[in-house]
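Top to bottom, those sequences are chains A and B. Per the numbering used here, the first sequence starts with residue 1, numbered consecutively. Per the numbering used here, the second sequence starts with residue 1, numbered consecutively.
One thing to keep in mind: the hints can contain errors.
[Stated by the list, open to error] Derived SDA-like pairs: lysine to any residue, alpha-carbon spacing no greater than 25 angstroms straight-line:
hint : chain 1 : residue 1 : chain 2 : residue 2
1    : B       : LYS56     : A       : PRO163
2    : B       : LYS56     : A       : ILE207
3    : B       : LYS56     : A       : ASP48
4    : B       : LYS56     : A       : ARG177
5    : B       : LYS56     : A       : ARG200
6    : B       : LYS17     : A       : ASP203
7    : B       : LYS56     : A       : HIS140
8    : B       : LYS56     : B       : GLY31
9    : B       : LYS17     : A       : LEU238
10   : B       : LYS17     : B       : GLU70
11   : B       : LYS17     : A       : GLU193
In case anyone wonders, no lab produced these hints; they're calculated from the structure. Model, not experiment: these values are computed from the prediction.
One letter stands for each residue in the lines below.
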Amino acid sequence: MRYIEPHGHMVSRTTDDYQAMVTSGCAAVCEPAFWAGFDRGGPESFRDYFSQLTEHEPRRAAKFGLPHYSWICLNPKEAEDLGLAREVLTIIPEFLDRPNVLGVGEIGLNKNSRNELQVLERHIELAAEHDQLILVHTPHLEDKRKGTRLILDALAAESRIRPERCIIDHVEEHTIRMVLDEGYWAGMTLYPESKCSAARAVDMLEIYGTERIWMNSACDWGVSVPKAVPYAMLEMRLRGHDPDWIDRVAFRNPSAFMSQCSRFRIPE
Amino acid sequence: MRRQAILDRYFLDARHKLIDVAAFLDRVERGEGDADFRLAAFHQAVDVLRERRPDKAEAVLTVFSDPTDEPIAVADTQGACGAWPGSGKES
């Protein structure tokens with residue numbers, strides 16, 4: 001079984017995780033910019049982080065034969081500070097042409113505040129100005145439904161944004177329909193304690209189909225499972241889905257989305 | 001999948017989770033002091049499970065969700081607690 005991990009925060013993971021993923025069939029990993037678990041001290045910390053995502057981490061992944069791609073942004077958890085956000089937004093363009101960068105992400109909302117929304121809108125403008133793909137983080141738990149609606153409205157308000165070039169991640173049963181109906185890609189995140197389980201993800205695939213959907217582990221520094229995607233593939237197989245159906249969701253769909261960026265090479 | 005196959009594959013797991021939910025509610029009842037809005041929301045979500053509808057997962061998620069439309073003024077925390085403070089209130 002081959003698969004692409006389209007959302008993994010590998011800077012937080014061990015080399016054992018790289019080895020486990022590759023030996024489970026992972027053919028490429030894509031890493032959106034994320035919150036460190038604590039607020040960074042200033043804009044230069046972000047420059048260091050973006051360098052890590054575009055220089056160091058690809059080299060670490062290459063030691064396991066794994067192509068590594070990244071997405072650049074200020075994560076919504078740190079978007080309440082508009083001064084910091086403005087400074088980081090001036091740094092981001094320096095990194096958008098790096099050889100492993102696929103686009104702007106994971107942008108979005110966290111608590112659905114006015115400042116977060118303002119920073120999201122600026123990121124969307126930046127992506128439009130630089131013709132970048134967009135990867136969107138939707139809020140957690142009680143904030144997800146409202147935040148997803150606000151995010152879709154913000155994207156629709158920028159006329160240069162094409163929905164087929166945006167992935168709205170962390171969808172669940174109460175948000176997946178609005179995302180797909182408005183022409184966006186939907187990402188399902190497989191987490192042990194929140195977001196969605198493998199069984200629920202496969203339920204949603206059976207209900208909504210496999211068009212414009214991918215799955216990811218979003219493995220990071222918290223409770224998360226780097227091999228969540230292959231575990232979900234096993235769930236599909238046990239339900240009787242054929243190998244082509246599974247391959248489409250786990251490999252060809254993420255490959256099709258990210259191939260809209262010329263820097264993405266479909267893994268052999 | 002056929003219903004029988006679904007039961008064969010998922011019944012024990014769902015039974016296990018349901019008993020965990022029951023034990024959680026027992027634990028809360030044994031506890032002392034007042035409960036906050038999350039318990040009311042939880043009871044409202046449990047009520048959804050008894051409804052004969054094909055979208056119970058969506059309905060449960062909606063019970064816990066913020067139903068308002070406008071951005072909040074300021075994010076004074078970075079975390080989420082799992083239920084909207086206004087959810088679960090008796091109408």
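Hints, verified against the model:
1. Taking the CA atoms of LYS56(B) and PRO163(A), the gap is about 29 angstroms. The hint is violated against a cut of 25 angstroms.
2. Between the alpha carbons of LYS56(B) and ILE207(A) the distance comes to roughly 13 angstroms, so the proposed pair stays at or under 25 angstroms and holds.
3. Distance restraint check for LYS56(B) and ASP48(A): the Cα-Cα separation of roughly 45 angstroms exceeds the 25 angstroms cut-off, and the hinted pair is therefore not satisfied.
4. Of the supplied pair hints, the one linking LYS56(B) and ARG177(A) holds, its CA atoms being roughly 15 angstroms apart against a limit of 25 angstroms.
5. Under the criterion of a C-alpha separation no larger than 25 angstroms, the hint pairing LYS56(B) with ARG200(A) is consistent with the structure, at around 12 angstroms.
6. This hinted pair checks out: LYS17(B) and ASP203(A) have alpha carbons roughly 18 angstroms apart, not beyond 25 angstroms.
7. Restraint check: the Cα-Cα separation between LYS56(B) and HIS140(A) comes to about 19 angstroms, which is no more than 25 angstroms; the hinted pair holds.
8. Of the supplied pair hints, the one linking LYS56(B) and GLY31(B) is violated, its CA atoms being roughly 29 angstroms apart against a limit of 25 angstroms.
9. Annotation: proposed proximity of LYS17(B) to LEU238(A) holds, straight-line Cα distance about 21 angstroms (limit 25 angstroms).
10. Of the supplied pair hints, the one linking LYS17(B) and GLU70(B) is violated, its CA atoms being roughly 35 angstroms apart against a limit of 25 angstroms.
11. A threshold of 25 angstroms between alpha carbons decides the hint, and for LYS17(B) with GLU193(A) the separation of about 13 angstroms falls inside it, so the pair holds.
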